[in-house]
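Trainee: Dock chain B against chain A, hints included.
There are 2 protein chains.
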Amino acid sequence: MERVKGFRDFYPDDMAVREKIFGECERWSRIFGFRKIDFPSVEYREIYKIKSGEELAQQSFSFNDKNGREIALLPEATPTVVRMLTARKDLPRPLKWYSIAKFWRYEEPQAGRFREFYQLNADIFGPDSAESDAEVIMLAMKILDSVGLETRYQIRINSREIMQGMLENLGCTNTGRALHIIDGMHKQELDRFRNEILELLPLGDDSRTFLGLLETPIEIEQVESIIGSSGKLFNGLEERIGRLIQTVKLCKKSSRSSIGIDFSVVRGLAYYTGVVFEAFDVDGEYRAILGGGRYDRLASSFTGDAIPAVGFGMGDAVIELVMKKYGEWSPGRSSTAFYLCRSADITIEETVDLVSKLRDNGMECIYDLSSRSLASQLKDASKNNCSFAIILGLNERKTGTLSVKNLTTGVQESVSISNSIDYLRNLRNAV
Amino acid sequence: MERVKGFRDFYPDDMAVREKIFGECERWSRIFGFRKIDFPSVEYREIYKIKSGEELAQQSFSFNDKNGREIALLPEATPTVVRMLTARKDLPRPLKWYSIAKFWRYEEPQAGRFREFYQLNADIFGPDSAESDAEVIMLAMKILDSVGLETRYQIRINSREIMQGMLENLGCTNTGRALHIIDGMHKQELDRFRNEILELLPLGDDSRTFLGLLETPIEIEQVESIIGSSGKLFNGLEERIGRLIQTVKLCKKSSRSSIGIDFSVVRGLAYYTGVVFEAFDVDGEYRAILGGGRYDRLASSFTGDAIPAVGFGMGDAVIELVMKKYGEWSPGRSSTAFYLCRSADITIEETVDLVSKLRDNGMECIYDLSSRSLASQLKDASKNNCSFAIILGLNERKTGTLSVKNLTTGVQESVSISNSIDYLRNLRNAV
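So the protein lines, in turn, are chains A and B. Sequential numbering from 0 applies to the first sequence in numbering that gives the first Met the number 0. Sequential numbering from 0 applies to the second sequence in numbering that gives the first Met the number 0.
These are calculated hints, taken from the structure and not from any lab test. One thing to keep in mind: the hints can contain errors.
Stated by the list, open to error - Taking lysine-lysine and the BS3-like style, the derived pairs with C-alpha atoms no more than 25 Å apart in a straight line are: (1) Lys65(B) to Lys88(A); (2) Lys378(A) to Lys65(B); (3) Lys19(B) to Lys378(A); (4) Lys19(A) to Lys101(B); (5) Lys48(B) to Lys65(A); (6) Lys35(B) to Lys382(A); (7) Lys323(A) to Lys19(A); (8) Lys4(A) to Lys35(B); (9) Lys19(A) to Lys4(B); (10) Lys35(B) to Lys323(A); (11) Lys101(A) to Lys35(B); (12) Lys356(B) to Lys356(A); (13) Lys252(A) to Lys356(B); (14) Lys323(B) to Lys4(B); (15) Lys378(B) to Lys48(A); (16) Lys378(B) to Lys88(A); (17) Lys101(B) to Lys88(A); (18) Lys35(B) to Lys35(A).
All of these numbers come straight from a predicted model, not from anything done at the bench.
Chain A extracted, bound-state conformation (with noise of 0.2 Å):
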């Protein structure tokens, strides 16, 4: 028996990591007031054809149903999260939800990327705004500061307006394609993708300009002098522009990790429209941490209505790495708190009646469940990481008292049953 290629089993030792990431996913959705929705982990296969692109499309696991209609299972969160929006057009806005979701794409299995894969999205529908726009990278920020990665990731933002400005003004005449050779710029050979670009651009400084800027990420304090010195390239941009200055210095109030502007930060999917976004490790060691961006006219192509909206999806993988590299994770084996040895004297009633008592106290507590000695009982305590062994023999039924001996030091105490749940407690509080 074996598992399926690519997939991946989680033992104990190896979920603290994800329920660390997940869990701080859930604290500041909710502290940023975003709400949980989930979802099917299936959509009929059309939903993706519309808007995600071709390629994610080919990447879902697919298979037809028993009316012969095909049905993927998710290969992102998006569309789904359009076609619940859509369903239900009685909502008030702004909505402000999120879901941590699996979801599913046949690639080939490398470093931070799997078949199957859990998924933090979070999005808000309504307004078009530069807060609203921070309001999701403020969130994205706050959940990487807390799971110890402040200061060692960036986050790279950019416009799709911006970029369509620029290469309009340079006179491009295919835009579509040159985001999708600028989208590909990190994945091949610098030299190549100057000549693909420079394919769709006319000769001269402006275009030189442009590339140069693709280049090199730049600090919002940095923006006015490149505008004043990018000829003609910025001309009518100046909203656009702001905006986006607007919406670095509200995330700059946030947190302390860096932020800037990259005009190579495009994001594949065919549907963002306005801010784009991506969080990378300070080095530039791995692919994405997350992304995301404003994506204003996806529910229209469902319905007919526009409903401004941005969000962003962040992966368990990629972070996972990160977080292993920058030692801020240690794996150590999660553990119950007590272990609870009897003697052979004591009954297994009586030793049940005191784990009740211990655990609607909301006491972790486990217990030999095979009869064995003792010793054998102590050993099985250290063997389980427990912090604290509780001990109950006829010498302490008589005294009406506990020991509990604590693991790691060796020293053992004694406490009267009618007091233990409070000396209990503290022990394992100051854990």
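Mentor: This is chain B only, laid out in the frame that chain A set:
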């Protein structure tokens, strides 16, 4: 764009009940010392043909991978968990594992049954004892008790070994078929069931006694007298009866809810070998809320090594129906505690500064993302069901204060910004 048939969307107001259910599953599993695992949503389809029975294999959503190998979306957890177990013989036992995952079955959707559902699974590997049988049942009962169902459900418990023994004592030659008929007992007319099962049993008093036992759930206090008046039915089964009674006694130490013996509970899945149990709402209106049992021979069908195992699974659909039936569930809208309203004189930067400070202190807080009027913001705060509006205007800025309005009572108070975090935290905690 439509949802796939038999699948469910969960909008924010639909999520709360499931968050409550699985929140309690997480909490009690940890208190009982179970550790979380996770696994792929797909397996090679062969795995279900071994032991789950042909029915489950038939109900699986399955498709061929690019190499033509048949892959199924998981219809249940147990074969996968046992695959993980047998792949890691190095892990010291006993192991207590739980998981919360999605499963899929191609069945006709009906009340309490969807084609996609979440399920808690909790299992203990290693010990074969009444304590371990009781441990998983006690966990199940604690979860049901804490979602408001205490005394509203009953656990019906039985033992496959006792059933096997009784059928052999009767001289039944096809015990597998007999158990299959008993499993279907409550899905058909009683007369029809009687005729079907009597075809496999010899005529006589013992068979009639057996039929009577199947039709009458009993309390453990009655067991002695029932055995006394059941002729040869229980011959040689004293030890197994003793263990079943011991299991029930231990469970009664942990919960006030009802638990009794029901010889008609045998569980459909082919792999159970010992104790089997199900939970039903007290009126018996719905299908089982949860079910489980001992399956000591499943691991050996994978690898040759026997590993004693006992566990249960609980889906989200039936428990949700039962919670709603007993009114132990108020759907009420989940909401964000604070809405920060600003007058037109206050800049967005100043607002985000304050919002970030509140959020960094763990305060759930939203604000207007569309530069609307103060009146609109207050209306929006109510529409979002926020508990408090925090108002920041020129007057507040001048005096270094915030105005805080309780949106339920309408009472408005003023607090100095320097004391605001503690003040707001107290407000929120008092809601």
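Trainee: Each of the hints needs a verdict: does it hold here or not?
Mentor: Quick rundown of the hints versus the structure:
For the hint pairing Lys65(B) with Lys88(A), the CA-to-CA distance comes to about 40 Å; that exceeds 25 Å, so the pair is violated. Taken as a hint, the Lys378(A) and Lys65(B) pair is broken in the structure, with Cα atoms around 49 Å apart against an allowance of 25 Å. Our distance criterion of 25 Å between C-alpha atoms is broken by Lys19(B) and Lys378(A), whose separation comes to about 36 Å. Only pairs whose Cα atoms come within 25 Å are accepted, and Lys19(A) paired with Lys101(B) is accepted, the gap being roughly 21 Å.
Distance hint between Lys48(B) and Lys65(A) is fulfilled; the C-alpha atoms sit about 21 Å from each other, no more than 25 Å. Between Lys35(B) and Lys382(A) the CA atoms are separated by roughly 17 Å; this keeps the pair inside 25 Å, and the hint holds. At roughly 13 Å between alpha-carbon atoms, Lys323(A) and Lys19(A) fall within 25 Å of each other, so this suggested pair holds. Of the pairs offered as hints, the one joining Lys4(A) and Lys35(B) holds, with about 23 Å between alpha carbons and a cut-off of 25 Å not exceeded.
Our distance criterion of 25 Å between C-alpha atoms is broken by Lys19(A) and Lys4(B), whose separation comes to about 35 Å. Restraint check: the Cα-Cα separation between Lys35(B) and Lys323(A) comes to about 21 Å, which is no more than 25 Å; the hinted pair holds. A threshold of 25 Å between alpha carbons decides the hint, and for Lys101(A) with Lys35(B) the separation of about 17 Å falls inside it, so the pair holds. This hinted pair does not check out: Lys356(B) and Lys356(A) have alpha carbons roughly 41 Å apart, beyond 25 Å.
For the suggested pair Lys252(A) and Lys356(B), the alpha carbons sit about 9 Å apart, so the restraint of at most 25 Å is met. Of the pairs offered as hints, the one joining Lys323(B) and Lys4(B) holds, with about 24 Å between alpha carbons and a cut-off of 25 Å not exceeded. Restraint check: the Cα-Cα separation between Lys378(B) and Lys48(A) comes to about 40 Å, which exceeds 25 Å; the hinted pair is violated. Taking the CA atoms of Lys378(B) and Lys88(A), the gap is near 19 Å; set against the 25 Å cutoff, the hint holds.
A hinted pair counts as satisfied when its Cα atoms are at most 25 Å apart, and Lys101(B) with Lys88(A) does not qualify at roughly 28 Å. Distance restraint check for Lys35(B) and Lys35(A): the Cα-Cα separation of roughly 22 Å lies within the 25 Å cut-off, and the hinted pair is therefore satisfied.
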